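Peer 1: Protein chains in written order, with our numbering: chain A, 1 to 118; chain B, 1001 to 1168; chain C, 2001 to 2410.
Worth flagging that the hints you see were computed from the coordinates, not collected in a lab.
Errors might be hidden in some of the hints.
[Stated by the list, open to error] Pairs of lysine-lysine, DSS-like flavour, derived with a Cα cap of 30 Å: (1) LYS2160/C with LYS2090/C; (2) LYS1134/B with LYS57/A; (3) LYS33/A with LYS2160/C; (4) LYS57/A with LYS2328/C; (5) LYS2058/C with LYS2126/C; (6) LYS2058/C with LYS2100/C; (7) LYS2126/C with LYS2086/C; (8) LYS2100/C with LYS57/A; (9) LYS2058/C with LYS2090/C; (10) LYS2086/C with LYS38/A; (11) LYS1130/B with LYS112/A; (12) LYS112/A with LYS2100/C; (13) LYS112/A with LYS57/A; (14) LYS2058/C with LYS2086/C; (15) LYS2090/C with LYS38/A; (16) LYS2086/C with LYS2100/C; (17) LYS33/A with LYS2100/C; (18) LYS38/A with LYS2126/C; (19) LYS2086/C with LYS1130/B; (20) LYS2086/C with LYS33/A; (21) LYS2090/C with LYS57/A; (22) LYS2086/C with LYS57/A; (23) LYS2160/C with LYS38/A; (24) LYS33/A with LYS2090/C; (25) LYS2090/C with LYS2100/C; (26) LYS2328/C with LYS112/A.
Just so it is clear, the structure is predicted and the values come from calculations on it, not from any experiment.
Single-letter residue listing:
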Amino acid sequence: MHNEWLFIGFFLILAPTFPAIAILIPRFIAPRKPNPIKMQTYECGLETYGKSYIRFKVQYYVYALVFLIFDVETVFLYPWAVAFDQLKLFAVLEGVLFILILVTGLIYAWRKGILEWA
Amino acid sequence: MALQIIFIFVAAVTLGGALMTVTSRNLVHSALWLILSLFGVAVLYVLLNASFLAVAQVVIYIGAIAILIIFGVMMTRRLVIDPSRQINNTWWLAALLSLVFFGGLSWMLSTWDGFWSEAPIMAVNIDPLKQLGKALVAPDLYVLPFELASVLLLAALIGSIIIAYEKR
Amino acid sequence: MAFLHDPITFIANWLQTLLAGWGLSSGLISVILTFFGVLVAALMLLVLDFSLVWVERKTVARLQDRIGPNRIGPFGIFQPVPDVLKLLIKEDITPEGADKIVYNLAPIFGLGAVLLLWAVIPFGYKILGTDINVGVLYIVAVGALGTLGIIMAGWASNNKYGLLGAFRMVAQMVSFEVPMVISLLIPVILARTMGINGIIEAQGGMWFVIVSPIAALILLISAQAELGRAPFDLAEAESEIVAGFHIEYTGIKFGMFYAGELLHALTFGAIISALFLGGWRGPGAETFPFLGVVYLFIKAFILYFVIMWLKYSLPRLRIDQMLNFNWKFLTPLALILLILTAILSKILENAGITLGSSPLLFSGLFLMMNLILVGITVLLLRAYGPKHPKVIAEPRPVAVTPETPATDIS
């Protein structure tokens, strides 16, 4: 099993190396003339107006949270799916029960209005 | 031998990442060091031949929980740099206690003979993933924790909705 | 002849004898061979990425009824060369207050995550990088690393529009990952294994797109949203938020985000074709593995063309329309499809009908179940879906026709 992961290990080392080389090349051949106006943050050509932090909707966090719950559920379901041909119908129904409990959670979130981008 | 070297390197990366998480002044940098630590744990799972756990670790921890942590940090902090002192006055007591704890743990582990033996070699024709899947739904093994896990997830979902949306 | 039949083993044996002749131990030889395999694969992917710039520009030009690049080389095929050269010599402007390390790390995550995806996709019968038995979850895991790159890019730019664009993009990607992960579970149930090579081998009887077309469709829609392409491209729409999370990136760093997005689209094409369209399967693919490579790339490019077609023909959705569509339609549909697939598969297996023994009957019954589900969904949407506004009155003509003019002057 280690040989299979060795390939991925080398890929993990090599895959960021090529973009890193591509980032290092302009250091040698590109011009570098920083001046304060060029380095300002971009705001469609105007001066920056107002404070530099913005008030975020809590919706972003809620979507990440619901994603977390369903992600963990699906990771639990993957071994169940792999062992499918050695399970009886009863075991399949246990997995379906697992899914249905979380469908109840989705219906609750839906009815409470959590999933609205308001 | 090569496995040992890789293990030492990965363990050093994990511990270094954890150290930088705790001592970094910038909160977002702390979150990124935490991601490095979690990735190190995933590589350790691969070294232990538990490939499903390794990808599950990356999917759940780095793909969902780390993003949640980063969202939480970026959305609630106006200033992410911590200007206060990093070390307080009783640091010597903390260092002493940590050394005593480390010494105690090392002694206890060295008297356990599982520490010095090699991991048992698994039979080649057993597919650990299929065994895990069967064990999760077998009535005499782990089906009750399996279903309770889904109830726990449901409780987490409902609980966080109630906390986040008190007025609805 | 042995080279044509089994190229990787042939080259590996040849290199092995060469290196053993130099006196290296066999463990070291296998490590060196793996490293060479990785190097070759990564270089070929970068060349592919390069040529995708030309493919994308030519296709969008044809879809928009113009010619596209045609000056540099025949049909403009050397166009990516001046493109990349231009990006390399542009000045690298780092905005003030940006977090330098995170700012430079983000494009590496963006492109690196896409390159890592190709490690598990088998190219031919025995031509594959590696066959880990958790290939499908590996794809989800590496997609998560790409999401991380986007947040890092948005935050490190020290620009509130960049941060807002990054948040929206990540909220969209994370939302659409739920139906994607659930629909990735369906080929695993049908093939009883998570390794991608195993799933391709299980499609010997019938491709999975015929067994479960809804799962392929859900995966295609989720892939379109994960890539951030129209109709789901609110986070980088130029009229909305200027450029989203890569607003402060210039030169080759922007080029890496762009090239990463193109390669990601082709990667999704390859993944969907491996999981649903049979991957490298085709007539003669087992005896001549190079044919398998050709088949895989044909299928991947057909799906890439479908993704581009969707991008350049459909208007943009608003973010609340997009997220409502995901959470209230795609996710329940994917979950119900999963439940029905699991129950039907087990009932059919108890009755003795599996994909291996009688593929036509199995896929016929599954296809019927999918079509019934589509019918029920359409009926439910008609009954409970958003209604068209009622027409209050007949539209009035705005310009009044003149009365018949006098025909004679008198």
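Peer 1: With reference to the structure, classify each hint as holding or not holding.
Peer 2: Verification of the supplied hints:
Between the alpha carbons of LYS2160/C and LYS2090/C the distance comes to roughly 24 Å, so the proposed pair stays at or under 30 Å and holds. Between LYS1134/B and LYS57/A the alpha-carbon distance is near 43 Å, which puts this suggested pair outside the 30 Å criterion. For the suggested pair LYS33/A and LYS2160/C, the alpha carbons sit about 25 Å apart, so the restraint of at most 30 Å is met. The straight-line distance between the Cα atoms of LYS57/A and LYS2328/C is roughly 20 Å, inside the 30 Å bound, and the hint therefore holds.
Simply put, LYS2058/C and LYS2126/C have alpha-carbon atoms about 33 Å apart, too far for the 30 Å limit, and the pair is violated. A C-alpha spacing of about 36 Å is found between LYS2058/C and LYS2100/C, which places the hinted pair above 30 Å, so the restraint is violated. The hinted pair formed by LYS2126/C and LYS2086/C fails the criterion: a straight-line CA distance of about 40 Å is larger than 30 Å. Distance hint between LYS2100/C and LYS57/A is fulfilled; the C-alpha atoms sit about 27 Å from each other, no more than 30 Å.
Distance restraint check for LYS2058/C and LYS2090/C: the Cα-Cα separation of roughly 24 Å lies within the 30 Å cut-off, and the hinted pair is therefore satisfied. The hinted pair formed by LYS2086/C and LYS38/A meets the criterion: a straight-line CA distance of about 19 Å does not exceed 30 Å. The hinted pair formed by LYS1130/B and LYS112/A fails the criterion: a straight-line CA distance of about 38 Å is larger than 30 Å. For the proposed pair LYS112/A and LYS2100/C, the alpha carbon gap of about 42 Å is over 30 Å, so the pair is violated.
Distance check on the hinted pair: LYS112/A and LYS57/A sit about 17 Å apart at the alpha-carbon level, within 30 Å; holds. Distance check on the hinted pair: LYS2058/C and LYS2086/C sit about 19 Å apart at the alpha-carbon level, within 30 Å; holds. A hinted pair counts as satisfied when its Cα atoms are at most 30 Å apart, and LYS2090/C with LYS38/A qualifies at roughly 14 Å. Taking the CA atoms of LYS2086/C and LYS2100/C, the gap is near 23 Å; set against the 30 Å cutoff, the hint holds.
The suggested pairing of LYS33/A with LYS2100/C holds, with an alpha-carbon distance near 17 Å, which does not exceed 30 Å. Between LYS38/A and LYS2126/C, the direct Cα distance comes to roughly 53 Å. Violation of the 30 Å bound is thereby established for this hinted pair. For the proposed pair LYS2086/C and LYS1130/B, the alpha carbon gap of about 52 Å is over 30 Å, so the pair is violated. Simply put, LYS2086/C and LYS33/A have alpha-carbon atoms about 17 Å apart, close enough for the 30 Å limit, and the pair holds.
Proximity of LYS2090/C to LYS57/A is assessed by CA-CA distance (about 37 Å); at most 30 Å being required, the pair is judged violated. With a CA separation close to 39 Å, the supplied pair LYS2086/C and LYS57/A exceeds the 30 Å bound. With a C-alpha separation of about 17 Å, the suggested pairing of LYS2160/C with LYS38/A holds against the 30 Å cut-off. With a CA separation close to 11 Å, the supplied pair LYS33/A and LYS2090/C stays within the 30 Å bound.
Taking the CA atoms of LYS2090/C and LYS2100/C, the gap is about 18 Å. The hint holds against a cut of 30 Å. With a C-alpha separation of about 13 Å, the suggested pairing of LYS2328/C with LYS112/A holds against the 30 Å cut-off.
In this structure, the hints that do not hold are numbers 2, 5, 6, 7, 11, 12, 18, 19, 21 and 22, in rising order.
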